[in-house]
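K.L.:
Kindly generate the complete structure, drawing on both the sequences and the hints.
Sequences listed follow chains A and B, in order.
Counted the way this note's numbering counts, the first sequence spans residues 1 to 113.
Counted the way this note's numbering counts, the second sequence spans residues 1001 to 1114.
Bear in mind the hints are in silico, worked out from the structure with no lab data behind them.
Errors might be hidden in some of the hints.
Unchecked claim - Covered by chain B, according to a simulated footprint, are these stretches of chain A (three or more residues, beta-carbon under 8 Å):
no.: 1; stretch: 37-51
no.: 2; stretch: 100-112
Claimed, not checked - 20 Å max Cα-Cα, derived SDA-like pairs, lysine to any residue:
no.: 3; chain 1: A; residue 1: K69; chain 2: A; residue 2: S3
no.: 4; chain 1: A; residue 1: K49; chain 2: B; residue 2: S1100
no.: 5; chain 1: B; residue 1: K1013; chain 2: B; residue 2: L1083
no.: 6; chain 1: A; residue 1: K49; chain 2: B; residue 2: K1013
no.: 7; chain 1: B; residue 1: K1013; chain 2: B; residue 2: L1088
no.: 8; chain 1: A; residue 1: K49; chain 2: B; residue 2: L1083
no.: 9; chain 1: A; residue 1: K110; chain 2: B; residue 2: L1039
no.: 10; chain 1: A; residue 1: K49; chain 2: B; residue 2: L1088
Note that the structure is a prediction, hence the values are computed from the model and not measured.
Think of the CB as a built atom: it goes at the ideal place given N, C-alpha and C, for glycine as much as any other residue.
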Amino acid sequence: AQSVAQPEDQVNVAEGNPLTVKCTYSVSGNPYLFWYVQYPNRGLQFLLKYITGDNLVKGSYGFEAEFNKSQTSFHLKKPSALVSDSALYFCAVRGGGGNKLTFGTGTQLKVEL
Amino acid sequence: ETGVTQSPTHLIKTRGQQVTLRCSSQSGHNTVSWYQQALGQGPQFIFQYYREEENGRGNFPPRFSGLQFPNYSSELNVNALELDDSALYLCASSLAGTGSTEAFFGQGTRLTVV
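P.N.:
As structure tokens, then:
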């Protein structure tokens, strides 16, 4: 069975500071990893994905994520946070050959002035 | 915004009733998945449809059923509604492949069962 853990329910950061949202996963075989963002009363928006290759993946809105196979982690990062980044962030994994996405419980990011 | 549209956006039903939710997939996408997102939780996989057939199912009872049509649009049907079925139901479309393709989500249907 595949699973995702997001250990922090909420992350608070000041605007302009770097942010990190943590994610660890468990899956059989090679993982396909994804980050999505959800704004209030909206669906999920795709941010970025890791399939293979370079461990640092760049995505939308200046976000990037670092894949670490030995630590089974896929942390989301941004060098300089914006107030508009405040939202609910979900990490998801899909096992190789599988068809379902398994999501974490989400991390609420709050960026303050 | 993605090209995935869901209807209706909000719905209130009574326990025991049946409900049908609809989804139009993004142009060019041939696979549709449905997810249930309870309040404060991450989305949970219900099932996926490809070529009009169910192609994977999560841990949901048979009263959750679906259809996919030749134009790749889809329906989610839930019979004998229970209070715990109250949630945001998300439809996602993607291209069939090795699993590396990202899914694009609609805005969801908020179902309230009273």
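K.L.:
When the hints from earlier in the document are held up against this structure, which numbers fail?
P.N.:
Checked against the structure, the hints that fail are numbers 6, 8 and 10, while the rest are satisfied.
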